[in-house]
Structure formats: structure tokens, C-alpha cells
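Asks: Numbering (mature numbering (1 follows the signal peptide of the UniProt record, and there is no 0)) for the sequence shown: -22 to -1, 1 to 236.
Think of the hints as simulated: they come from the structure by calculation, not from any bench. Errors might be hidden in some of the hints.
[As the list claims (entries may be wrong)] Result set (DSSO-like, lysine-lysine): computed pairs, CA atoms no more than 27 angstroms apart in a straight line:
1) Lys40 <-> Lys206
2) Lys206 <-> Lys132
3) Lys132 <-> Lys167
4) Lys165 <-> Lys206
5) Lys90 <-> Lys61
[Unchecked claim] For each label pair, taking beta carbons as the anchor points, the in silico distance ranges come out as:
6) Gln128 <-> Asn52: 32 to 42 angstroms
7) Ala191 <-> Lys132: 17 to 27 angstroms
8) Val180 <-> Ala93: 22 to 32 angstroms
9) Ile199 <-> Thr146: 35 to 45 angstroms
Note that the Cβ used here is the ideal one computed from N, Cα and C, for glycine as well.
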Amino acid sequence: MKSTHSLALALAMAITCGSAAAADTKQSMLFDEIPIGSWSTSAELGAITTSGNTVGTSVTGKIDARQELDDWSNQYIFSGYFKEDETTNDDGEKVRERSAERFSASAKAAYKLMADHEKLFVLASHVNDKFGAYTKYSTLAVGHGSRWYQSTDKSVDVEFGPGYFSGTNDAGESEHGLTVRGAAAMKWKISQSAMFTQTVSVERGTSNTHSIAETALSTKINGTMQMKAAFSARNDTRVPDDKKNTDTQTSLTLVYSF
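Using the sequences plus the hints, can you model the full thing?
Replies: What follows is the structure in C-alpha cells.
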């Protein structure tokens, strides 16, 4: 009987300690982290169709997948945007013409160092933009990333390092060379259902400085669905004479997280 009581007491203590450890682990997770050995993936889609005096369709979408391992943090992003407008040609016929078409993909692998949130990374990205100042733009970069600020509801991450780019502008001219890349990402958990993010990256080369920035506010609809409003801007300092330096996009999308 005594051994039975001792066994029951030991089992209860083990369950209690296990529950406390799980609670401590859950509490130690930061608001923008995912568990080791798991994926965090989000897919967003937005579409606008107009009729009447102005006829057209625009669609934007993005897939963002993050993988967290013991020694590595990996991220894969694919996004696309296209726009079609209905116009009248010289013969008086109504035709639909593509006025925007951009697809981009990137992959980043970051090796975790001994200090928290200190990483060495390698990044590869490619953009196809049929109507942009650069119709093709590819980047390969390496560097060091660190977390400059962390609180219970805010974080700021910064990356810096050298790289190499290769691009083709709208005039058909090819460019390539070494770059210096800097990037920053800020997250602010405004409430349990709202998140504000700001990202910016700058690649400075010998002939061009390429910049991308996005400001976004997302709100939860339920456990897996969010509504996201975003404003993004892409800038190149050197463009053909008939192209503008900056392209902007304002979007309202539905985001599904899984």
C-alpha cells in the first residue's frame, strides 16, 4: 500500500512538473516566433474588378512560408500582381490589354549563432516585371542579421551585408555588379487581433540603388483568417527616360494562415 501511494505521488508530481514546464515554454515564446521544428505559412489574395465607364481587373497574391529548425531559420516568399484594362483601339473595337504583370520569388536561409536572434544568412531573389523600369532583377546576398529591439509587443530586426545583382532594364540593357544590402523589419502587436509591420530593404550598387518598402496593418477575422491593408513602394535611382523611378501599390487582401 505504501509503495502504491508513493507511485501515485510521484506520478502526480511528474504531471505537475510537466505542465509547469510546458507553461513556461509557452510563456517564453515571443509574439513573433514559431516553435522549433514547425512551419508557419500564410497565403493572401486580393482582387478588384470594375465595370461601367472603366472596365478592368487586378489581382494580387502572396505566399510566405517560414520554417524554424534547431540551427536554421528559413523563409520562402512568392508573390504576383497583374492588371488588365479594357480600352478602345483605333478601329473602335474594345480590347483588353495587360497593363501590369509582376512576379517575384525569394528564399533565405539563416544560420543561428550562439547569441539570441544573431544569424548569418544567404538570400536569393528574382523579380520579373514586364512593365517595370527593370524587367528582370536578380539578387544574391549574404550577411549578418540581429534583433536590435525586443519587447512583449514590438520587435526590430536588422540585416546588413554584401551582395551581387544582375538585371535587365526596360530598354533591354543588361546591368550587373556588386552591392551593399541593408534591411530592417519592425513588428508591433497593437492588440490580440491587430498587427502593424514595416519592412524596408536597400541595395546600393555602382550604377543603381534599388529600394523596397512595405507598410501593412492586419486584423484577425477568426483563428486563421485576417484582413490586411498594405502600401508598398519600389524605387530605382537609374531608369530609362520613359520610366518613373518609383512604383507604388495599395492593396486590401484576405490572408489565410496555416
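Asks: Give a verdict on every hint.
Replies: The hints, checked one at a time:
Proposed proximity of Lys40 and Lys206 is supported: the alpha carbons are some 12 angstroms apart, at most 27 angstroms. At most 27 angstroms may separate the alpha-carbon atoms for a hinted pair to count; Lys206 and Lys132 meet this at roughly 18 angstroms. The hinted pair formed by Lys132 and Lys167 meets the criterion: a straight-line CA distance of about 6 angstroms does not exceed 27 angstroms. Between Lys165 and Lys206 the CA atoms are separated by roughly 14 angstroms; this keeps the pair inside 27 angstroms, and the hint holds.
For the suggested pair Lys90 and Lys61, the alpha carbons sit about 40 angstroms apart, so the restraint of at most 27 angstroms is broken. Between Gln128 and Asn52 the beta carbons are some 21 angstroms apart, a value that contradicts the proposed interval 32 to 42 angstroms. As the Cβ distance of Ala191 to Lys132 is approximately 19 angstroms, the hint placing it in 17 to 27 angstroms holds. Between Val180 and Ala93 the CB atoms are about 25 angstroms apart, so this pair conforms to the stated range of 22 to 32 angstroms.
Evaluation of the 35 to 45 angstroms hint for Ile199 and Thr146 yields a pass: the beta carbon distance comes to about 41 angstroms.
In summary, the structure is inconsistent with hints 5 and 6 from the numbered list given earlier, while agreeing with the others.
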